[in-house]
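There are 2 protein chains.
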Amino acid sequence: MKAKNAIYAQSGGVTSVINATAYGVIEASKKTKKINKLYAGRNGILGILKEEIIDTSFEDLKELKKLSHTPGGVFGSCRHKLKDPSKNIREFERLIEVFRAHDIGYFFYNGGGDSQDTTNKIAQFTKLAGFPVTCIGIPKTIDNDLPFTDNCPGFGSVAKYIATSTKEAALDVKSMSNSSTKVFIFEVMGRHAGWIAASSGLAQSKENSAPHLILLPEVPFNEGKFVKKVKEAVNSDGYCVIVVSEGTKYKNGEFLSDAGTIDSFGHKQLGGVAPRVAEIVHKKLKYKYHWAVSDYLQRSARHIASQVDVEQAYAVGRAAVEYATAGENAIMPVIVREKTKPYKWRIDKVELSKVANVEKKIPKKFISKDGFGITRSCKNYLNPLIQGEAWAPFKDGVIHTASLKNKSVKKKLKNFKAN
Amino acid sequence: MKAKNAIYAQSGGVTSVINATAYGVIEASKKTKKINKLYAGRNGILGILKEEIIDTSFEDLKELKKLSHTPGGVFGSCRHKLKDPSKNIREFERLIEVFRAHDIGYFFYNGGGDSQDTTNKIAQFTKLAGFPVTCIGIPKTIDNDLPFTDNCPGFGSVAKYIATSTKEAALDVKSMSNSSTKVFIFEVMGRHAGWIAASSGLAQSKENSAPHLILLPEVPFNEGKFVKKVKEAVNSDGYCVIVVSEGTKYKNGEFLSDAGTIDSFGHKQLGGVAPRVAEIVHKKLKYKYHWAVSDYLQRSARHIASQVDVEQAYAVGRAAVEYATAGENAIMPVIVREKTKPYKWRIDKVELSKVANVEKKIPKKFISKDGFGITRSCKNYLNPLIQGEAWAPFKDGVIHTASLKNKSVKKKLKNFKAN
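Top to bottom, those sequences are chains A and B. Under the numbering used here, the first residue of the first sequence is numbered 1, with each subsequent residue one higher. Under the numbering used here, the first residue of the second sequence is numbered 1, with each subsequent residue one higher.
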């Protein structure tokens with residue numbers, strides 16, 4: 001019997017190492033005899049639904065190897081969320097139609113919490129429908145909020161970027177602070193969990209040094225306490241570095257970024273918690289300030305990726321294929337921390353049904369008593385994840401990345417419009 | 001006769017390589033017998049006026065060597081501008097008082113255009129006052145706007161950071177663009193000259209690829225043409241990357257960042273051209289967008305400095321001391337491009353009187369016909385400046401930087417309040 005084909009898709013916000021995971025999947029798929037061709041969904045699961053499928057077998061090995069230092073999602077990604085089959089049987093049936101048409105026996109879905117949920121549903125549905133497809137979820141999220149895995153591929157590199165950028169910018173503002181800018185506000189990603197903001201704490205050379213304040217979504221924002229703490233920092237160090245998570249909220253649940261600002265037409269202004277925090281600093285303390293919003297830069301900064309993160313991203317991709325071909329189904333490879341000093345990790349697995357829709361926020365013991373910093377135990381947790389500099393190769397002064405053909409498989413089915 | 005002391009000060013916005021210049025000054029000062037001690041002004045010229053002077057001779061050589069990979073200004077900087085002696089003889093007289101008290105024969109001032117002007121004035125004034133001090137300006141500015149020098153130390157590293165960050169973020173937005181974010185707006189520094197924004201053009205893999213639009217202060221912003229071009233990029237590539245200089249202006253001279261936005265209290269909102277551009281994209285085209293403002297991150301990103309820039313920053317520092325001890329005065333070392341391919345440069349000098357208050361903007365031949373990009377000759381100019389990766393050493397996952405003692409020289413004079 002001819003081996004079945006496999007299909008891999010990238011889902012949700014991309015990371016600087018998701019392509020290292022893709023490479024792990026590709027390499028392991030080439031190695032096993034149990035997988036014939038490895039396909040990829042163009043632009044994530046939307047591509048599978050639309051039968052827009054990439055055949056990875058046309059790629060040169062030389063280019064494929066560059067995936068481990070290419071940020072973004074090389075096959076494209078999307079934020080399309082499949083609803084429950086009971087509410088949306090159409091899309092599930094379409095998936096089976098596509099899987100059947102292209103002789104797919106394995107589905108690898110590389111994403112965050114929502115994607116793991118989807119992967120589990122597809123596993124169950126294909127089984128019930130009599131066309132069982134082995135479905136493996138592969139963890140990926142800069143937010144580091146997946147449960148059961150010690151950490152999430154993608155996070156370590158952002159953490160490294162944020163820690164180093166915070167340290168660098170702190171040296172900048174420090175040198176100007178005597179007579180110019182005294183407060184620097186650095187907005188980072190993390191809508192629900194503050195892991196990214198927390199990682200800036202690794203820039204601290206000693207207690208209470210820069211970043212002087214870390215604003216986390218886990219800690220309700222209290223303007224009075226905030227202003228007091230900023231003042232204290234300026235009084236003691238001469239300057240103050242604030243790292244603020246985009247998801248920082250007031251006690252009533254309102255995001256800081258949603259508060260207050262309207263444009264000249266009276267419309268609510270879109271985005272940016274950093275300018276909002278700057279406004280508070282300006283109004284209450286009159287300090288000169290600067291602010292930065294790193295947005296996509298942080299999650300695509302492959303040039304300063306963590307070596308540990310790159311290795312783990314690759315490992316979960318490879319493990320997904322190995323588990324699948326060993327007969328596992330509806331599971332997700334996870335990273336297990338065996339030891340913190342020296343750091344040792346291994347890959348294990350967890351059932352997808354357990355993973356779905358659980359968000360891992362920063363535990364209380366990781367947050368300092370005043371709510372504006374991280375504890376020693378948080379640093380101990382984070383520290384191993386940013387170890388090693390996986391410098392990307394540069395060409396002509398700029399980061400060098402893969403350039404794939406992404407050749408389409410010929411369509412066999414009628415057009416389909418996703419929901 | 002005992003050799004005179006020298007004093008070095010950092011001025012204006014710092015860069016990721018200004019400390020490499022400091023190291024060049026320190027090393028060359030140690031080598032020559034014509035300089036006794038090398039002092040540094042704490043927080044720039046303000047420190048000299050206040051007699052807050054650092055004695056660099058207490059530093060360990062091991063730490064000093066780390067200056068070449070330490071961003072920020074290690075002795076502190078300031079934006080204090082000395083007025084003309086005719087209007088402000090008090091500060092000039094104070095300088096002489098401090099120079100005399102500490103037996104200063106050489107003054108090295110490391111800054112941009114204003115600082116070069118100041119250095120020249122101090123040279124003239126000390127001569128007229130009968131206490132001649134050899135004054136050498138040392139070029140430094142991320143803005144790359146000093147005349148006579150082919151380029152300015154500090155710029156190449158920002159250019160490299162911006163080009164790589166643009167390429168990385170473009171790969172990110174590209175992967176999401178099919179069904180999510182289509183436009184990415186990246187705000188960079190450059191209030192008067194667009195060199196930094198222009199350098200993002202080095203990220204282009206081919207004509208009309210990302211960054212699709214570069215908005216320069218040299219080109220008046222035309223909303224209609226802008227909207228049309230963004231639409232064209234999205235139609236052809238599926239996404240659009242816009243790099244915008246903070247100094248982008250309307251035809252009437254009004255900065256985009258000043259236009260329109262007020263906060264909930266009716267106050268003009270402070271800063272940020274990226275959100276303003278995002279607003280236009282949102283209103284006119286309804287595309288989903290993201291924006292980033294790299295602010296201090298860009299000029300402190302020592303982890304991704306250009307090797308050429310680090311070498312040139314060091315070279316101008318060393319040359320300043322060599323010129324001074326060879327009898328030169330009121331000059332600034334400059335970088336001369338001898339050849340573009342392969343890149344060859346050498347150090348020469350220019351009289352400070354010529355440098356003062358001339359701003360080098362982007363010439364017309366470097367800007368594409370439609371005003372939204374850079375030409376091949378601009379790329380040829382910029383390309384050599386970002387060559388080589390001067391990776392900084394990391395310690396425990398984060399960039400490792402120098403930690404100086406910055407020991408103060410005992411004060412001998414009365415207190416002084418700068419203007």
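Heads up, some of the hints might be wrong.
Pairs count within a copy or across copies, as identical chains cannot be separated in the list.
[Stated by the list, open to error] List time: in silico DSS-like cross-link candidates among lysine-lysine, alpha-carbon distance up to 25 Å:
no.	residue 1	residue 2
1	K228	K66
2	K83	K414
3	K341	K395
4	K395	K379
5	K369	K81
6	K81	K50
7	K33	K206
8	K251	K283
9	K65	K34
10	K50	K405
11	K206	K405
12	K344	K395
13	K284	K251
14	K231	K31
15	K127	K395
16	K395	K339
17	K369	K231
18	K288	K414
19	K62	K50
20	K65	K379
Hints listed in this document are in silico derivations from the structure and should not be mistaken for laboratory results.
Tested hints:
1. Neither within a single protomer nor between protomers do K228 and K66 lie at most 25 Å apart by alpha-carbon distance, with minima of 49 Å and 35 Å respectively.
2. Taking the closest pair of Cα atoms, K83 and K414 come within 25 Å of each other only inside a single copy of the chain (22 Å); across copies the shortest separation is 76 Å, beyond that limit.
3. In this assembly of identical chains, the alpha carbons of K341 and K395 lie at most 25 Å apart only when taken from different copies (15 Å versus 36 Å within one copy).
4. Proximity of K395 and K379 under a CA criterion of 25 Å is satisfied inter-copy only: 15 Å between copies versus 35 Å inside one chain copy.
5. Within a single copy, K369 and K81 get their C-alpha atoms no closer than 38 Å, and across copies no closer than 44 Å, so neither meets the 25 Å cut-off.
6. In this homomeric assembly, K81 and K50 come within 25 Å of each other (Cα to Cα) only inside a single copy, at 15 Å, whereas the closest approach across copies is 63 Å.
7. Taking the closest pair of Cα atoms, K33 and K206 never come within 25 Å of each other, the shortest separation being 53 Å inside a single copy and 40 Å across copies.
8. Taking CA atoms no more than 25 Å apart as the test, K251 paired with K283 passes inside one copy only; the shortest distance there is 21 Å, against 32 Å between copies.
9. In this assembly of identical chains, K65 and K34 lie within 25 Å of each other by CA distance solely inside one copy; the values are 22 Å within and 56 Å between copies.
10. Taking CA atoms no more than 25 Å apart as the test, K50 paired with K405 passes inside one copy only; the shortest distance there is 19 Å, against 64 Å between copies.
11. Proximity of K206 to K405 under the C-alpha cut-off of 25 Å is restricted to the inter-copy arrangement: shortest distance 16 Å between copies versus 49 Å within a copy.
12. For the homomeric pair K344 and K395, the shortest alpha-carbon distance between copies (19 Å) is at most 25 Å, but the shortest distance inside one copy (34 Å) is not.
13. Proximity of K284 to K251 under the C-alpha cut-off of 25 Å is restricted to the intra-copy arrangement: shortest distance 20 Å within a copy versus 35 Å between copies.
14. Taking the shortest alpha-carbon separations for K231 and K31, neither the intra-copy value of 59 Å nor the inter-copy value of 44 Å comes in at or below 25 Å.
15. Proximity of K127 and K395 under a CA criterion of 25 Å is satisfied in neither setting, with 48 Å inside one chain copy and 50 Å between copies.
16. Taking the closest pair of Cα atoms, K395 and K339 come within 25 Å of each other only across two copies (20 Å); inside a single copy the shortest separation is 38 Å, beyond that limit.
17. Taking identical chains as interchangeable, the C-alpha atoms of K369 and K231 lie at most 25 Å apart only when both belong to the same chain, with a minimum of 18 Å there against 50 Å between chains.
18. With identical chains, the CA atoms of K288 and K414 are never at most 25 Å apart, being 61 Å at best within one copy and 29 Å at best between copies.
19. For the homomeric pair K62 and K50, neither the shortest alpha-carbon distance inside one copy (29 Å) nor that between copies (61 Å) is at most 25 Å.
20. In this assembly of identical chains, the alpha carbons of K65 and K379 never lie at most 25 Å apart, being 33 Å within a copy and 29 Å across copies at closest.
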